[in-house]
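Q: The primary structure of each chain is shown beneath.
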Amino acid sequence: KNQVEQSPQSLIILEGKNCTLQCNYTVSPFSNLRWYKQDTGRGPVSLTIMTFSENTKSNGRYTATLDADTKQSSLHITASQLSDSASYICVVSDFWNDMRFGAGTRLTVKP
Amino acid sequence: SQTIHQWPATLVQPVGSPLSLECTVEGTSNPNLYWYRQAAGRGLQLLFYSVGIGQISSEVPQNLSASRPQDRQFILSSKKLLLSDSGFYLCAQRQGSGTQYFGPGTRLLVL
Numbered sequence: 011k012n013q014v015e016q017s018p019q020s021l022i023i024l025e026g027k028n029c030t031l032q033c034n035y036t037v038s039p040f041s042n043l044r045w046y047k048q049d050t051g052r053g054p055v056s057l058t059i060m061t062f063s064e065n066t067k068s069n070g071r072y073t074a075t076l077d078a079d080t081k082q083s084s085l086h087i088t089a090s091q092l093s094d095s096a097s098y099i100c101v102v103s104d105f106w107n108d109m110r111f112g113a114g115t116r117l118t119v120k121p
Numbered sequence: 177s178q179t180i181h182q183w184p185a186t187l188v189q190p191v192g193s194p195l196s197l198e199c200t201v202e203g204t205s206n207p208n209l210y211w212y213r214q215a216a217g218r219g220l221q222l223l224f225y226s227v228g229i230g231q232i233s234s235e236v237p238q239n240l241s242a243s244r245p246q247d248r249q250f251i252l253s254s255k256k257l258l259l260s261d262s263g264f265y266l267c268a269q270r271q272g273s274g275t276q277y278f279g280p281g282t283r284l285l286v287l
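In the order they appear, the protein sequences are chains A and B.
Residue numbers for the first sequence follow my numbering, so the first one is 11 and each next one is one higher.
Residue numbers for the second sequence follow my numbering, so the first one is 177 and each next one is one higher.
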């Protein structure tokens, strides 16, 4: 069983709408959690990184939350744009800096 | 700032042929280097990582191999490709426990 589960697997929304992507993990002991954005045919690019003590972190229209007690994170995208169409990958690192990758959520923003 | 180069960008190879994918990094020294494979619609699978010249750790037994002849060069190879080797290959680098940065990727199609 994957130690990082993302949902939904795919999502289609209209331009201008908001959406929230979920990441649940069992990685322990927890060190940090990162959200990456991967455009089709490109390498992933880091959006946010959160450590145990951080609950919320924003990067423009992207806001990530972390609940270390329930081992859940979310990535909220506000006022979506066509350029937000991509895969969003949750990556959780343990105390020894071993990384566990989620399978990603494929987001499609339609005009 | 660090830059990661991968080539070729796209490769079509027949089954049984050899493979050599190259990754070079700039703007950093003694990075940890990684090779990942991403099958269509799937998450990232760690194949190899290297903490220094000549030091290679294999995560998944398969017909692929990796080498690190220089500090900033990481090579992924195969003597005989299989159909199942098709995928998107990503090179990444990381300094210590910092953010992992990915290259642009190589799309490999084995026919």
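These aren't lab readings, by the way, just hints derived from the structure by calculation.
Even for Gly, the Cβ is constructed at its ideal location relative to N, Cα and C.
Among these hints, one or two may not hold up.
Said to hold, decoys possible - Partial list, derived from the structure: chain B residues whose beta carbon lies under 10 Å from chain A: (1) P184; (2) G219; (3) L222; (4) K256; (5) G263; (6) F264; (7) C267.
To be verified - Sample of chain A residues facing chain B (criterion: CB under 10 Å; computed from the structure): (8) F40; (9) S56; (10) S63.
Q: Now tell me if each hint is right for this structure.
A: Hints and how they fare:
A least Cβ separation of about 13 Å between P184/B and chain A goes past the 10 Å threshold, and the interface hint is therefore violated. At about 4 Å, the closest approach between the beta carbon of G219/B and any beta carbon in chain A falls short of 10 Å, and the interface hint on this residue holds. Look at L222/B: its Cβ gets to within about 8 Å of chain A, closer than 10 Å, so that hint holds up. A least Cβ separation of about 26 Å between K256/B and chain A goes past the 10 Å threshold, and the interface hint is therefore violated.
This hint is violated: G263/B has a C-beta 12 Å from the nearest C-beta of chain A, more than the 10 Å allowed. With a cut of 10 Å, the hint placing F264/B at the interface with chain A holds, because the nearest CB-to-CB distance is about 8 Å. The restraint placing C267/B at the interface with chain A holds, with a minimum CB-CB distance near 8 Å, inside the 10 Å limit. Checking F40/A against chain B by beta carbon gives a least distance of about 13 Å; that is not within 10 Å, so the hint is violated.
Interface hint at S56/A: satisfied, since its Cβ lies 5 Å from the closest Cβ of chain B, which is below the 10 Å cut-off. About 16 Å separates the beta-carbon of S63/A from the nearest beta-carbon of chain B, more than 10 Å, and the hint is not met.
When each numbered hint is compared with the structure, violations occur for hints 1, 4, 5, 8 and 10.
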